[in-house]
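K.L.:
Residue numbers (the numbering used here), protein chains in the order written: chain A, 384 to 745; chain B, 384 to 745; chain C, 384 to 745; chain D, 384 to 745.
If you're looking for bench data, these hints aren't it; they were derived computationally from the structure. Hints may contain errors.
Each pair may be met inside one copy or between any two copies, as identical chains are not told apart.
Claimed, not checked - Below, in silico cross-link-like pairs of lysine to aspartate or glutamate (EDC-like), each with a Cα-Cα straight-line distance of 16 Å or less:
# : residue 1 : residue 2
1 : 710       : 590
2 : 544       : 647
3 : 443       : 429
4 : 658       : 703
5 : 458       : 420
6 : 437       : 590
Number of protein chains: 4
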Amino acid sequence: MAGNTFGQIFRITTFGESHGQAIGVIVDGCPAQLPVDLDFIQAELDKRKPGQSKITTQRKESDTVQILSGTFEGKTTGTPIAMIIPNEDQRSKDYGHNVDVFRPSHADFTYYTKYGIRDHRGGGRSSARETAARVAAGALAKLFLKTQGIEVFAHVSSVGKINAPNVDIKNAAEFIEAREQNIVRCVDPATAEEMIEFIDGIRKQGDTVGGKVTCFATNVPAGLGEPVFDKLHADLGKAMLSINAVHGFEFGSGFDGSEMRGSEHNDIFLNNGGKVETITNFSGGIQGGISNGMPIEFRVAFKPVATIMHNQQTVNSAGEASEISGKGRHDPCVVPRAVPIVEAMAALVLADHVLRNRAAKV
Amino acid sequence: MAGNTFGQIFRITTFGESHGQAIGVIVDGCPAQLPVDLDFIQAELDKRKPGQSKITTQRKESDTVQILSGTFEGKTTGTPIAMIIPNEDQRSKDYGHNVDVFRPSHADFTYYTKYGIRDHRGGGRSSARETAARVAAGALAKLFLKTQGIEVFAHVSSVGKINAPNVDIKNAAEFIEAREQNIVRCVDPATAEEMIEFIDGIRKQGDTVGGKVTCFATNVPAGLGEPVFDKLHADLGKAMLSINAVHGFEFGSGFDGSEMRGSEHNDIFLNNGGKVETITNFSGGIQGGISNGMPIEFRVAFKPVATIMHNQQTVNSAGEASEISGKGRHDPCVVPRAVPIVEAMAALVLADHVLRNRAAKV
Amino acid sequence: MAGNTFGQIFRITTFGESHGQAIGVIVDGCPAQLPVDLDFIQAELDKRKPGQSKITTQRKESDTVQILSGTFEGKTTGTPIAMIIPNEDQRSKDYGHNVDVFRPSHADFTYYTKYGIRDHRGGGRSSARETAARVAAGALAKLFLKTQGIEVFAHVSSVGKINAPNVDIKNAAEFIEAREQNIVRCVDPATAEEMIEFIDGIRKQGDTVGGKVTCFATNVPAGLGEPVFDKLHADLGKAMLSINAVHGFEFGSGFDGSEMRGSEHNDIFLNNGGKVETITNFSGGIQGGISNGMPIEFRVAFKPVATIMHNQQTVNSAGEASEISGKGRHDPCVVPRAVPIVEAMAALVLADHVLRNRAAKV
Amino acid sequence: MAGNTFGQIFRITTFGESHGQAIGVIVDGCPAQLPVDLDFIQAELDKRKPGQSKITTQRKESDTVQILSGTFEGKTTGTPIAMIIPNEDQRSKDYGHNVDVFRPSHADFTYYTKYGIRDHRGGGRSSARETAARVAAGALAKLFLKTQGIEVFAHVSSVGKINAPNVDIKNAAEFIEAREQNIVRCVDPATAEEMIEFIDGIRKQGDTVGGKVTCFATNVPAGLGEPVFDKLHADLGKAMLSINAVHGFEFGSGFDGSEMRGSEHNDIFLNNGGKVETITNFSGGIQGGISNGMPIEFRVAFKPVATIMHNQQTVNSAGEASEISGKGRHDPCVVPRAVPIVEAMAALVLADHVLRNRAAKV
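With the rest of the complex left out, here is chain A:
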């Protein structure tokens, strides 16, 4: 039983391989009458596309999205919305040298074992190229969330051991504007500069490095999330862990919270001008799996990109010792391009839960 569908009501199914004809997505369950801003969808994709800056892969893809169905006169009709993104830069010859060997910490070996087929063209379905389809669908989810007043925004909070200071998240538009001032997408300019320099150095060594993305959602009404399994943070966690290269997820106090005492960690309620709020937010905006109206905050850890420009030992599909040489055009650090992907998946989870919550009461 395959797993290319995500969401229950606002539901997406993606398709496509890195070196096939096109990738794409069907969004089923997007409510009718939503104005579709194609420029916004394209702008989101542009934040993810390769070749943006010196610290991303130099591959070039325009990643131009086309809508094939589901809209009429600029609005959604309630029918499935199909979007495709043709693949342009299919230089699969770059991969010719690796046809029969398993690249370390890639999915070559596991796909081959599972399906008995070796699609050697640059990762095939396991390529992060698939996430472009998610960003397109997530942009639609963001448009829906805007009708509900909900905002989702993220930035790069660490690269290697370089950590950004905590940020004030009062205003989504200002946050995004600040973040887009630099190519690493960190909202703190000084940290951003340090990160960029570090990544550039890593790149010159033919190496890669990991990092973290921190994501916020504000104006989320209390009540989203479906215990006991589809808790809001459980669905957010699954969404993030399904993104290529993610190795960890935490919300609110996260792993640090495991070192704290209850008397420090409890978020005390107060009445703030008629609205129930909490003084601290170690809960990350979610209690018992349901949003409590405070800002949602979570962090996502990305491992270093597995493709490095070094020669590495490995085995081939016959199980024989082999060597793999470093070629191709890859990202030295994935997090700057991961920011729109994290936002997209978060938006999809929230859109789904807004709709699911409509059935909570008679």
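Given the coordinates of chain A, work out where chains B, C and D should sit on it, guided by the hints.
P.N.:
Coordinates of chains B, C and D only, in the frame set by chain A:
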């Protein structure tokens, strides 16, 4: 759209509140002809039940499981298996004093906001009591996994800032035996002693503390996991995050991996006597969302229990400032009892993916 | 992948075998704040229970339902509602003589082939006893539909070749009252008398006979149904075909419609005092898979009960020729007891689609 | 919650409107290593396409399918298979005159009510054009079923009141060859001639007529179907009822069975050279919702096409009385083109249940 069902093929639906008549679970999709060892299921529940030791809650529940359907002459029949656990110790009067106030960092406020109903009897559905149903279902999943040779085992790897050293996981039976030698369920005796002393001190202060559980699965065949959304670690992550009090999940290199370089982090393949293995295991046994045959390893962070024996400020359901006093019988640290829950959820995910993988090839 | 769950948002999972400890159902997704009238639920079950009259089986089961979870102070809480019905009359010795032979037109052979287990106690899971759980869940669905003004009601429209005349369906309460005046549950008294006499004769011959149930739903708002696969009539059809002994389903003009011309069959729209209606209703209240506000009407065909009091040739589990003798206590005609089952399944489909439709528009 | 996905393991999601850019389908869960015969898929589409003969619509669409993903070197890879069929003949001007009125017995009114959008271009999503996507996916399912030895084949068994005699179904290839000898797709030549003449007369009157399709599946192993809700015939029934214009479904004895006695209707088991078979097949190859190894047989009733070349009274979107004139190019009788659609949906259900059944036993 509610969320009390987990799994696609090996699928469970739980029900029940902490102070209702019973809690329980329906397991639908457990394959036929599986011998059902009721003593094993009960023994798993006994590891989770309250009142086990001085560092767990003093509430008493025998948590005796009954199977209502789905077995015949000691074997599963392929029909749904219903298991119920009657509630015995329903001292809801302990909660009488908190009828109308929202306990900090509990789910009282969010459930009330979502459903418009205040079930004040000790958490109702949001109580961790629900996890007993998961442990019963997970025990069945473990019995199925045993027929496939797969073993799942966990222990407490940290309490507060006390961390256990890394452990050798060669043998599941030995691991579990060592872990069960102490009441905190840490496989390292010296660390266990330190943890127990620390928790006992916390308890005497009427406070609580968080901790971490580390879980392993061995003998997992390569091939489990369904990209791109139902990656094995994404489903494990959702399973863990759905457990009460969990604030973080990481697998393999986890959050530390975000600080590493690709040249350090890549797991080099080699042929170990005919089996493809990796020298290191930063991938935690999962590459591209699919198991690679190496041991699966992940860690789960639990926040401190929210119920403390201190008075706390809060608001009531009218939004008025109020105070809550600390009473009742609660765990000073949840991780010792969380070990069987983590194992149960991991077993459910793996059983589901073993069955899902049967459709991978013609 | 098992199939004991029905519905997407208003979702039920049933369990239990005819001769196990209990049967039951979990209803997940019933909206919170619904007043639960337990007497109504029991009254619905009483219409299905065995031993009601001379034309039903003489087995006796009180079929007393218990609610284990999901309600608080008489209202639903939004959490899963578990209901169980203990099995009382488990005279499995009646079945002892058939332990190893496959009863003709029963599910003995197919269950044995599929699962490799022969639960010979009177049908086990394949017994129509399972439908009691559906009736309990359907009663809850009816209570929800009442809050929306929707009514569901059915009667026996044929037994063998005896057909009831078409009926006026203005008023649900009157319809049900008229139907309950006779033991065959046909709204037309003269036809009912004829049916009863016929069934009684069949019974005396140790034989059985089939029949049809016609079901209506009124006050259904236009807009329910989810094209292209989850059309309202497609979900109704699946619901009905999942009931034991059902061999056919048709709505609106049904099979007769296949003989008609478009110029006869088209339902002409008109404005009836501000409401768009149709003059005729060959569409059965559903167009393009979506309700149009006219009464929904469908018919369900039941085959004759397979258990007859005659000796029959068959084979045993070794494939050897064998004979089966007619014993036990069974229904000569299933349709009088099927009326509440048909209504229950229809109510479940409608409740699910009312909730699904809440996500149709922004 | 939208409904454009069908199937659990072999699962399809369709998209597209009659007058948009393209229609298409994603098949997720098709097992890896299946050889993909694109000519076969196209040939199946050719049986459904418009403009085939004088008794079908004169619209012209080449309905050329393209595969965008999921195959590599002629075989499935286990990843989602996207197929699109561009729309060519989008003469939406034919529909211009009906922009604001609701066509009788079409889905105009119900879609408008549900979604609040009036896509007036020839039916939009409710057009039977969507079924081309199903035929493409169904062709893939047939290719998979061939690897299991299972064959699915159907023909037109009635048009209006003209009924074909019962047919011998020994051989699928011969059956299909005989059926394709005539443009109405009835396997009996004499009846076919009568049907063609009748439809041609109806067409000249600007009218339409309904009919029935009978479908068989042979070599189906015993064991397919998942009680209690996902019974094989319940899933077949839903699949058929989801096809445009279908008003009824019956299997085995069907509606006639409701008039029979148990002593006539029971299918007596015998051992036919080592295989358990039944003498008669009133069960239609399915007992208790599970296939029993006998041929599966079911019938599907189609209402007459709603578009007729007559003027009709109706209302417009303001609810005002209006008139609709008959224009455009439509089918006088849908059943000849429905044969491949019925087969496709049946193949999808069977492929899904073959894969689901793999989880039945340990």
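K.L.:
If a hint holds in the structure, say so; if it doesn't, say that too.
P.N.:
Status of each hint after checking the structure:
Taking CA atoms no more than 16 Å apart as the test, residue 710 paired with residue 590 passes inside one copy only; the shortest distance there is 12 Å, against 56 Å between copies. Taking identical chains as interchangeable, the C-alpha atoms of residue 544 and residue 647 lie at most 16 Å apart only when they sit on different chains, with a minimum of 15 Å there against 27 Å within one chain. Taking the shortest Cα distances, residue 443 and residue 429 sit within 16 Å of each other inside one copy (11 Å), while across copies they are farther apart (39 Å). In this assembly of identical chains, residue 658 and residue 703 lie within 16 Å of each other by CA distance solely across copies; the values are 10 Å between and 65 Å within a copy.
In this homomeric assembly, residue 458 and residue 420 come within 16 Å of each other (Cα to Cα) only inside a single copy, at 9 Å, whereas the closest approach across copies is 38 Å. For the homomeric pair residue 437 and residue 590, the shortest alpha-carbon distance inside one copy (14 Å) is at most 16 Å, but the shortest distance between copies (51 Å) is not.
In terms of the numbered hints stated before, the structure departs from none.
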